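Peer 1: The primary structure of each chain is shown beneath.
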Amino acid sequence: SQTIHQWPATLVQPVGSPLSLECTVEGTSNPNLYWYRQAAGRGLQLLFYSVGIGQISSEVPQNLSASRPQDRQFILSSKKLLLSDSGFYLCAWNRDFRGAFFGQGTRLTVV
Amino acid sequence: AQKITQTQPGMFVQEKEAVTLDCTYDTSDPSYGLFWYKQPSSGEMIFLIYQGSYDQQNATEGRYSLNFQKARKSANLVISASQLGDSAMYFCAMREFNNAGNMLTFGGGTRLMVKP
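Line order of the protein sequences matches chains A and B. Take -8 as the starting number for the first sequence in our numbering and just add one per residue. Take 1017 as the starting number for the second sequence in our numbering and just add one per residue.
FYI, nobody ran anything at the bench for these hints, they're computed from the structure. Since this is a predicted model, take the numbers as computed values, not measurements. All residues carry an ideal CB built from backbone N, CA and C; glycine is no exception. Just to be clear, a hint being listed does not mean it is correct.
Unchecked claim - Which chain B residues face chain A? A few, computed with CB under 7 Å, are given here:
hint : residue
1    : Met1061
2    : Tyr1080
3    : Phe1084
4    : Ala1087
5    : Gly1117
6    : Met1119
7    : Gly1123
8    : Gly1125
9    : Met1129
Just chain A, same shape as in the assembly (with noise of 0.2 Å):
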């Protein structure tokens, strides 16, 4: 069965500093793969998705970067966090016309 793994779970950090944010996905080849970010009682705003190595689409402008070094792998970037960066972010992928499935999520706090 596939399953999502997203990490870490929570951090805090200092604005200016930079962000990695990493999602992996088993048991799958080739997955459409999705960051979204959800602030505090709002719904999800798309913020990158890939169809594949190296392809990255990205939905709104903004302070971050997305990458795809592996099929599985799906990295969140900043170089230099913002006060507005913060949020939950959540990982997903899907491979079909079916609907994203979606990792525990990590809670960014900058401070």
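Chain A is fixed; fit chain B onto it per the hints.
Peer 2: Structure of chain B alone, referenced to chain A:
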């Protein structure tokens, strides 16, 4: 324009009663899928139910059913016999088949609180 609208920010329901969570959507794509997810306080997103735009019957999964009214562009979630563990945020989402990345667009969510 909002693609997915959930007009109820919060709902209360008595334990063991049924509750309907509203969702309306907007798309010009004839082929699409509609989804409901549950998000408990832990934050994980749990898939509940799926309805395809060409499905003739309303989807059901245990205590969950989707009241799909295509002409009205609505896809309401019905939870029967509410349980205390149903207290959570609920999100409606849509996938349009003509989008390259198969991504989901989410509504703003409804917080459901089940009273004992």
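Peer 1: Are the hints correct? Go through all of them and say.
Peer 2: Quick rundown of the hints versus the structure:
A distance limit of 7 Å between C-beta atoms decides the matter here; for B/Met1061 the minimum to chain A is near 4 Å, and the interface restraint holds. Here the hint on B/Tyr1080 is broken, as its CB sits about 14 Å from the closest CB of chain A, past 7 Å. Look at B/Phe1084: its Cβ only gets to about 15 Å from chain A, farther than 7 Å, so that hint breaks. Nearest Cβ of chain A to the Cβ of B/Ala1087: about 23 Å, over the 7 Å cut. The hint is violated.
Residue-level restraint check for B/Gly1117 holds (minimum Cβ-Cβ distance to chain A is 4 Å; threshold 7 Å). For B/Met1119, the interface hint holds, since its Cβ comes within 7 Å of a Cβ in chain A; the closest pair sits about 5 Å apart. For B/Gly1123, the suggested interface contact is upheld, since its CB lies about 6 Å from the closest CB of chain A, less than 7 Å. For B/Gly1125, the interface hint holds, since its Cβ comes within 7 Å of a Cβ in chain A; the closest pair sits about 5 Å apart.
Hint on B/Met1129 is violated. Least Cβ distance to chain A is approximately 14 Å, over the 7 Å limit.
When the structure is compared with the earlier hints, violations turn up for hints 2, 3, 4, 9 and for no others.
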